[in-house]
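Engineer: What follows is the residue order along each chain.
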Amino acid sequence: MDLYGYRIPPVFSLLIWISLWEIVGQLDLAFILPPFSAVVYQLFFLLQRPDFHSAALLTFQSFVIGMTISIVFGIFIGFLMGTSKVANGVLGMWVNIFASAPLSSLVPVLMLLFGLGQTTIVVTVVLFSTWIIALDTYAGVRHISPSLEEMGRSFGASRTQLLAKVLFWAALPEILAGVRMGLIRAVKGIVIGQLLVSIVALGRLFRTFSDNFQFEEFWALTITLFIFALLFSSAIGWLEHKVEFYAKTRD
Amino acid sequence: MSTTSAAAVEVTAAPTPQNDIVEVREITKFYGSDIHALSNINLGFPQGQMTTLLGPSGCGKTTLLKIIAGLLEPTEGQVLVHGKPVTGPGPERAFVFQDFALLPWATVTRNVAFGLELTGKPKAEREELARHYIEEVGLSGFGNKYPHELSGGMRQRVGLARALAVNADVLMMDEPFSAVDEQTRRKFQEDLLLLLAQEKKTVIFVTHSIEEAVYVSDQIVMLSPRPGRIKSIIRPEISRDASADEIRRDKRYLDTVEEIWTDLREYLD
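Heads up: the protein sequence lines correspond to chains A and B, in order.
For the first sequence, our numbering begins at 1 and goes up steadily by one.
For the second sequence, our numbering begins at 252 and goes up steadily by one.
Rather than coming from a laboratory, the hints here were simulated on the basis of the structure.
Check before you lean on any hint, since a few could be wrong.
[To be verified] Restraint ranges, calculated between C-beta atoms of paired labels, are given here:
no.: 1; chain 1: A; residue 1: T68; chain 2: B; residue 2: K438; range: 31 to 41 Å
no.: 2; chain 1: A; residue 1: P10; chain 2: B; residue 2: S460; range: 51 to 61 Å
no.: 3; chain 1: A; residue 1: W238; chain 2: B; residue 2: H383; range: 32 to 42 Å
no.: 4; chain 1: A; residue 1: P146; chain 2: B; residue 2: A375; range: 55 to 65 Å
no.: 5; chain 1: B; residue 1: Q434; chain 2: A; residue 2: W94; range: 39 to 49 Å
no.: 6; chain 1: B; residue 1: E376; chain 2: A; residue 2: L231; range: 20 to 30 Å
no.: 7; chain 1: B; residue 1: E450; chain 2: A; residue 2: S158; range: 21 to 31 Å
no.: 8; chain 1: B; residue 1: E450; chain 2: A; residue 2: P10; range: 54 to 64 Å
no.: 9; chain 1: A; residue 1: M93; chain 2: B; residue 2: K438; range: 47 to 57 Å
[What the hints assert, rightly or not] Pulled from the structure, derived: some chain A residues nowhere near chain B, Cβ distances all over 12 Å:
no.: 10; residue: G5
no.: 11; residue: A56
no.: 12; residue: S154
no.: 13; residue: L162
no.: 14; residue: S233
[As the list claims (entries may be wrong)] With a straight-line Cα cutoff of 30 Å, these simulated BS3-like cross-link-like pairs (lysine-lysine) come out:
no.: 15; chain 1: A; residue 1: K165; chain 2: B; residue 2: K482
no.: 16; chain 1: A; residue 1: K242; chain 2: B; residue 2: K438
no.: 17; chain 1: B; residue 1: K502; chain 2: A; residue 2: K165
no.: 18; chain 1: B; residue 1: K372; chain 2: A; residue 2: K242
no.: 19; chain 1: B; residue 1: K374; chain 2: A; residue 2: K242
Using N, Cα and C, we set each Cβ at its ideal position, and we do this for glycine too.
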């Protein structure tokens, strides 16, 4: 951003919004919006609370387990759809429906099916992120140049070698884009899911804070979640950047 | 299986006088039910020589090459390599692709060594071999570069080095220079001839360039289009001892180019 010829770092815009938040908060206009400084102050206490620790740990664990399942499952479905017309015919429609459906409405049903523990959170993550990973993997597989596959075959690659040494890498840029999208959806899924259920993990904390009008804590928790999501997304972004050089040069 | 091997023994027992390393027998290829790509092709490829498949687009020359490579299955007929019927790709044949088909995420060295990597040769050994062939094709010092850092001509040199590295007897090249600019192509053709004389490979070369065919080939097979049939076989008989410039001014070279052009002209209407 440039202002009167001066270069303004992107952080500056964040600072403006934070100051605005602080001013509005100090003016005491709305009880749901405490001053930013008070939120940050609470953040330090929040990070030390044992109930936050257990909630965050449970959420984080479920998130990692869910994402692992989604990535494996999504890539598998994507490859199946990309390499077999039959699989694409059978799965394609469902994957597309699930990728665009409002899945939040299913979370209460999942709770009934899987109970109130970790399983529900894991299933939520899987449900939210698998399909977009599958769709992007499918797009990546379709994008692979046929001569690359012929090359592998002509040099005697077995089916496994062809998948592991040629096709997977050729589709990797799209797969990673899918994983990043899946990750963002999973964070949404986890937050929405836990808020809807609000009996487990962070969802319960959210509910407790808002029920008791503890808005400093509420916002501190929100900020923590945002930071988590941002960190995850940047990590994948970094990986994507690592493979970008060949994604751009493909014919 | 036993009948197949009995047939193979018979063939090796009675080799053709030319000593053909690759034999194409009554190959017919349909795509689907209506596209007739090749019709009853019978052809021999003499050991240690360069045979070019030449013809207008749509004559099935790449199809024939891919059938010999084992990448496509013929509808009828069979291909014999060293007297044994082809059922798929094999280590005695190596392919050079029109669009190079390099792994964009791998360095030049790994690309050149890729065929060896697939056969499970230890890393140090295959990289040593790769280094040798990278030098042979004139790319010394580029081993750690990635394909996108190279020009088109250099990328195809990598493709050639990869095919040479697996030490196959038969080298199949599908319009290897069509994606390379004209000046680079000439230099590449000259280098290729030198290299092949030294490596003693049998080469099957597909091109649509008449000059290229006459310049590089011992035997030129002309195919007619739709369905592809053998129209004629020409042996240019040009001395390979002369320099590149002398060959390009040689009367026999120019006459052969003219003769083929007259032949192919009728398909251009």
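Engineer: Next step is simple, just say for each hint if it's right about the structure.
Structural biologist: So, going through the hints one by one against the coordinates:
no.: 1; hint: A:T68 <-> B:K438: 31 to 41 Å; verdict: violated (52 Å)
no.: 2; hint: A:P10 <-> B:S460: 51 to 61 Å; verdict: holds (55 Å)
no.: 3; hint: A:W238 <-> B:H383: 32 to 42 Å; verdict: holds (37 Å)
no.: 4; hint: A:P146 <-> B:A375: 55 to 65 Å; verdict: violated (33 Å)
no.: 5; hint: B:Q434 <-> A:W94: 39 to 49 Å; verdict: violated (54 Å)
no.: 6; hint: B:E376 <-> A:L231: 20 to 30 Å; verdict: violated (43 Å)
no.: 7; hint: B:E450 <-> A:S158: 21 to 31 Å; verdict: holds (28 Å)
no.: 8; hint: B:E450 <-> A:P10: 54 to 64 Å; verdict: holds (58 Å)
no.: 9; hint: A:M93 <-> B:K438: 47 to 57 Å; verdict: holds (54 Å)
no.: 10; hint: G5; verdict: holds (37 Å)
no.: 11; hint: A56; verdict: holds (37 Å)
no.: 12; hint: S154; verdict: violated (4 Å)
no.: 13; hint: L162; verdict: violated (9 Å)
no.: 14; hint: S233; verdict: holds (23 Å)
no.: 15; hint: A:K165 <-> B:K482; verdict: violated (41 Å)
no.: 16; hint: A:K242 <-> B:K438; verdict: violated (36 Å)
no.: 17; hint: B:K502 <-> A:K165; verdict: violated (50 Å)
no.: 18; hint: B:K372 <-> A:K242; verdict: holds (28 Å)
no.: 19; hint: B:K374 <-> A:K242; verdict: holds (24 Å)
The structure fails hints 1, 4, 5, 6, 12, 13, 15, 16, 17 (numbered hints given earlier, in ascending order).
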